[in-house]
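Now for the letters of each chain:
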Amino acid sequence: MKMYTKLIRTFLLSGEMPKSEKKDKVKFYVTLGIIATVFIFIPCFLLMTFLVGATTVGIKEEILSNSMYAGNIGNGLLLVIQFICIFSMIFGFNIILNTFYFSGDIEHILPLPIKPETLISSKFMTVLISESIMEFLFLLAAFLGYLIVTDVNILTAIMSIIGVFTLPILPLVYCGIITLLIMRFTKLIKNKNNALTILLLASIIIIGIFAIGYINNDSITEFVKMLAIGKIRFIDIMNYIFPSTYFLVKAVSNTNIVAFLVYIIINVLAYIIFMLLAGKLYIPGVKRISNNAIHQKESIVKVLANTKKENYKMTYLKKELKLLTRTPSFFSNCVLSNLLWPIVIILIFLIQGQDNIIVEFVNHYKQQEKLGLLVVFISVFAISAILTTANSIASSSISREGKHFPFMKYIPINYRTQLNIKALVSIIISYSFNFIYLLIISYYLEATFLDFLTFVTVSLLSCVFFTYLGIYLDTINPKLIWEDELNALRGNENTFFSMAISMIIATVLGGGIYYLNKVILIPLSILKVMLIVILLMASILIYYKVMNKGIKNIKEIEI
Amino acid sequence: MIKVKNVTKVFNETNKAVDNISFEVNPGEIVGFIGPNGSGKTTTLKLLTGIYQKDSGEITVAGYDVDKEALEAKKNIGYISDSPDMFLRLKGIEFLNLIADIYEVSTTKRKQRIRELTRAFGLEEILESEMISYSHGMRQKMMVIAALIHEPDVWILDEPLIGLDPESAHQLKEMMKEHAKKGHAVLFSTHVLEVAEKLCDRVIIIKEGKIIYQGTLKELKKKYSKKDLEEIFLRMVQDENVH
Numbered sequence: 001m002k003m004y005t006k007l008i009r010t011f012l013l014s015g016e017m018p019k020s021e022k023k024d025k026v027k028f029y030v031t032l033g034i035i036a037t038v039f040i041f042i043p044c045f046l047l048m049t050f051l052v053g054a055t056t057v058g059i060k061e062e063i064l065s066n067s068m069y070a071g072n073i074g075n076g077l078l079l080v081i082q083f084i085c086i087f088s089m090i091f092g093f094n095i096i097l098n099t100f101y102f103s104g105d106i107e108h109i110l111p112l113p114i115k116p117e118t119l120i121s122s123k124f125m126t127v128l129i130s131e132s133i134m135e136f137l138f139l140l141a142a143f144l145g146y147l148i149v150t151d152v153n154i155l156t157a158i159m160s161i162i163g164v165f166t167l168p169i170l171p172l173v174y175c176g177i178i179t180l181l182i183m184r185f186t187k188l189i190k191n192k193n194n195a196l197t198i199l200l201l202a203s204i205i206i207i208g209i210f211a212i213g214y215i216n217n218d219s220i221t222e223f224v225k226m227l228a229i230g231k232i233r234f235i236d237i238m239n240y241i242f243p244s245t246y247f248l249v250k251a252v253s254n255t256n257i258v259a260f261l262v263y264i265i266i267n268v269l270a271y272i273i274f275m276l277l278a279g280k281l282y283i284p285g286v287k288r289i290s291n292n293a294i295h296q297k298e299s300i301v302k303v304l305a306n307t308k309k310e311n312y313k314m315t316y317l318k319k320e321l322k323l324l325t326r327t328p329s330f331f332s333n334c335v336l337s338n339l340l341w342p343i344v345i346i347l348i349f350l351i352q353g354q355d356n357i358i359v360e361f362v363n364h365y366k367q368q369e370k371l372g373l374l375v376v377f378i379s380v381f382a383i384s385a386i387l388t389t390a391n392s393i394a395s396s397s398i399s400r401e402g403k404h405f406p407f408m409k410y411i412p413i414n415y416r417t418q419l420n421i422k423a424l425v426s427i428i429i430s431y432s433f434n435f436i437y438l439l440i441i442s443y444y445l446e447a448t449f450l451d452f453l454t455f456v457t458v459s460l461l462s463c464v465f466f467t468y469l470g471i472y473l474d475t476i477n478p479k480l481i482w483e484d485e486l487n488a489l490r491g492n493e494n495t496f497f498s499m500a501i502s503m504i505i506a507t508v509l510g511g512g513i514y515y516l517n518k519v520i521l522i523p524l525s526i527l528k529v530m531l532i533v534i535l536l537m538a539s540i541l542i543y544y545k546v547m548n549k550g551i552k553n554i555k556e557i558e559i
Numbered sequence: 001m002i003k004v005k006n007v008t009k010v011f012n013e014t015n016k017a018v019d020n021i022s023f024e025v026n027p028g029e030i031v032g033f034i035g036p037n038g039s040g041k042t043t044t045l046k047l048l049t050g051i052y053q054k055d056s057g058e059i060t061v062a063g064y065d066v067d068k069e070a071l072e073a074k075k076n077i078g079y080i081s082d083s084p085d086m087f088l089r090l091k092g093i094e095f096l097n098l099i100a101d102i103y104e105v106s107t108t109k110r111k112q113r114i115r116e117l118t119r120a121f122g123l124e125e126i127l128e129s130e131m132i133s134y135s136h137g138m139r140q141k142m143m144v145i146a147a148l149i150h151e152p153d154v155w156i157l158d159e160p161l162i163g164l165d166p167e168s169a170h171q172l173k174e175m176m177k178e179h180a181k182k183g184h185a186v187l188f189s190t191h192v193l194e195v196a197e198k199l200c201d202r203v204i205i206i207k208e209g210k211i212i213y214q215g216t217l218k219e220l221k222k223k224y225s226k227k228d229l230e231e232i233f234l235r236m237v238q239d240e241n242v243h
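If you read the sequences in order, they're chains L and W. Our numbering numbers the first residue of the first sequence as 1 and each following residue consecutively. Our numbering numbers the first residue of the second sequence as 1 and each following residue consecutively.
Think of the hints as simulated: they come from the structure by calculation, not from any bench. The structure displayed is predicted, hence computed values, not measured ones. Heads up, a few of these hints could be off.
What the hints assert, rightly or not - For lysine to aspartate or glutamate, the following EDC-like pairs were computed, each having C-alpha atoms within a straight-line distance of at most 20 Å: (1) Lys-318/L - Glu-94/W; (2) Lys-27/L - Glu-13/W; (3) Lys-309/L - Glu-104/W; (4) Lys-555/L - Glu-69/W; (5) Lys-403/L - Asp-82/W.
Unchecked claim - So these bits of chain W aren't anywhere near chain L, every CB distance computed over 12 Å: (6) Asp-65; (7) Glu-128; (8) Ala-147; (9) Gln-171; (10) Lys-177; (11) Glu-178; (12) Arg-202; (13) Tyr-213.
All C-beta atoms in this analysis are idealised placements derived from N, C-alpha and C, irrespective of residue type, glycine included.
Required output: the full structure, derived from the provided sequences and hints.
Take a look at the structure:
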């Protein structure tokens with residue numbers, strides 16, 4: 001037991017972001033943490049609480065109004081936690097694969113006299129804790145929303161709390177078992193490179209299965225009615241995949257101890273099956289990937305035939321792009337993650353059905369109504385801001401250097417050039433996706449050429465500003481010590497703070513534009529120019545901040 | 001070619017990693033930097049290359065101040081760090097071209113250098129592979145090749161022989177001698193006293209951030225009237241009063 005807890009502590013610590021030793025930096029981070037908590041965590045938490053609470057009230061009213069409705073009052077809660085389980089599976093694969101098979105500690109731990117089951121269970125617990133922190137918060141908010149509007153008693157409260165911390169077990173066990181089988185019996189993942197392909201495939205299959213189950217053209221009111229009737233195909237399918245969710249909600253909504261016991265048994269059984277399989281499959285699986293030294297032999301004459309001098313800035317840029325696209329964790333998190341946005345928008349469409357608020361605004365826009373024009377304009381800015389920060393390219397640009405960070409310091413290229421190239425990488429990738437989306441949106445909206453030009457200008461400036469902001473944050477306290485590449489990004493506070501700031505700025509500027517247009521009655525055309533000027537000035541300011549304070553920060557980093 | 005004058009480096013406001021050290025490495029010299037773990041060897045080398053910032057003192061490399069004329073100083077340095085795990089997702093040839101471009105090595109020159117150096121270290125045929133597939137020793141050889149590709153005047157090498165097979169280690173030692181013979185300078189850290197004895201014109205022994213000896217090993221043996229270098233070294237680093 002002592003070894004088990006020691007291992008968990010060690011694994012968790014190695015993924016943690018080191019704290020700065022300088023007081024002013026600590027103060028800066030604490031301030032950012034408070035801002036992020038107040039403006040991001042609390043609103044998200046409240047939103048989830050409200051979502052579940054409101055849906056539950058709706059279902060309750062529907063059931064009361066019609067005695068024929070056989071749905072469970074907890075169906076709203078059930079739907080939300082099933083979604084959380086799906087996300088847990090999508091992200092779980094990557095983390096399980098990295099923690100169990102590709103983390104740098106494996107080769108040091110395997111020769112130690114540690115029982116395989118202790119190692120496996122401590123790794124599983126590490127994944128559960130590190131992957132589920134945000135999940136715990138969302139689950140807590142969901143249960144809170146439900147409990148507030150229903151008859152809560154001490155038993156349901158206890159069952160809910162236990163549920164919050166144990167629900168992610170089953171999805172992770174699924175990820176774990178699939179990973180164990182792939183690693184032991186197939187040659188699909190011999191090294192990290194083809195791991196990415198498998199992970200992508202697995203994620204697409206999972207999303208596909210769940211999306212098929214979820215396609216729905218009803219309005220929100222109709223949807224709540226369906227929840228009350230109890231005829232939602234998605235929930236039925238998910239009940240089979242995640243039976244634990246069904247029994248937990250049944251236990252909480254009916255204060256049903258037997259259902260709760262079944263819930264516990266399902267989790268315990270799942271864990272035992274995982275441990276039994278892992279005991280047999282894990283170590284042989286790890287040994288299969290340990291030797292991946294395959295050299296592609298090529299004659300030096302042929303290699304040198306293509307060798308020629310290039311501008312060092314271009315070579316440095318190519319190096320940054322190659323490392324970003326060839327490192328599976330970086331590629332999936334920083335590049336491919338940009339593809340998630342259309343999926344999010346499609347999901348919003350699916351969830352909202354025919355009474356779609358987006359469709360409403362699109363119609364307003366097409367009819368050149370003021371509100372539609374305003375909302376589309378604000379959205380372009382906000383989406384560009386969040387896309388640029390969410391992909392973490394800029395906010396991890398120094399962190400990704402890891403232990404070869406000193407390279408930046410001993411080569412004869414000044415920091416200004418190096419940071420600008422890093423910024424360019426973020427701008428190229430983020431803006432490429434932004435631009436494609438803007439093209440599609442503009443086509444869909446039938447936007448005028450002038451509007452399209454405004455969109456691309458605002459988007460570009462937004463991308464530039466948030467790129468330099470991300471880089472600046474990463475110069476303050478980069479996460480340079482990590483065991484595997486995924487750890488450079490996971491738990492990197494700079495990405496989180498960068499996203500939080502982008503959300504706050506988007507809200508403040510968006511709200512400001514709305515207020516100035518609706519209340520002060522400033523024409524939208526003037527507001528567009530104003531926003532462009534503000535973004536331009538802000539970009540220049542943050543650029544100078546990076547080139548002065550950012551460079552000073554880099555000089556002070558000593559590893 | 002390397003001048004270090006009264007240099008001090010303090011970490012976390014209390015830990016004096018390098019304490020008021022001064023030394024020089026002259027053209028044509030190979031100087032060994034010796035000391036126990038944590039004595040300040042790597043810190044000193046990192047101060048010379050601009051990786052760390054000194055708190056006080058002066059450092060010049062190839063006549064350039066490492067702070068005020070940092071880029072010029074860096075252009076003249078060939079540095080091998082203590083970790084060879086660098087940019088492992090790049091192919092060997094991509095890595096060498098990156099370094100050659102950074103140091104603005106012409107196409108003809110780089111082709112010649114890559115051919116010579118990869119032949120010397122037996123890496124000719126694997127340059128098209130990503131370095132993640134290389135063994136530790138191969139990566140170390142790659143770092144050596146990268147550090148020398150631009151024919152720098154000053155070599156600053158942190159434990160360069162670690163991880164090299166005997167043949168490659170011999171090759172590198174010969175290169176160091178050759179380099180010094182041409183009137184350039186080599187400063188390298190090592191734990192292996194025999195290597196220092198065979199290779200170095202002078203040694204600098206550092207302990208707890210302070211230089212406790214600099215001169216030839218011959219003089220050192222004379223001073224301690226002992227023949228065994230290991231014994232002398234152990235006595236020096238264990239002796240509280242030697243500073």
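Status of the hints after comparison with the structure:
1. Lys-318/L - Glu-94/W: 10 Å, holds
2. Lys-27/L - Glu-13/W: Answer holds: Lys-27/L to Glu-13/W is near 19 Å, not above 20 Å.
3. Lys-309/L - Glu-104/W: 8 Å, holds
4. Lys-555/L - Glu-69/W: Answer holds: Lys-555/L to Glu-69/W is near 15 Å, not above 20 Å.
5. Lys-403/L - Asp-82/W: 11 Å, holds
6. Asp-65: Label holds. Min Cβ-Cβ 14 Å, cutoff 12 Å.
7. Glu-128: Violated, because the least Cβ-Cβ distance between Glu-128/W and chain L comes to about 4 Å, which does not exceed 12 Å.
8. Ala-147: The assertion about Ala-147/W is violated, with a minimum of 10 Å to chain L.
9. Gln-171: The claim holds: Gln-171/W sits with its nearest Cβ about 17 Å from chain L, beyond 12 Å.
10. Lys-177: 24 Å, holds
11. Glu-178: Non-interface label on Glu-178/W holds, nearest chain L Cβ at 22 Å vs cutoff 12 Å.
12. Arg-202: Correct as stated: the minimum Cβ-Cβ distance to chain L is 24 Å, above 12 Å.
13. Tyr-213: 27 Å, holds
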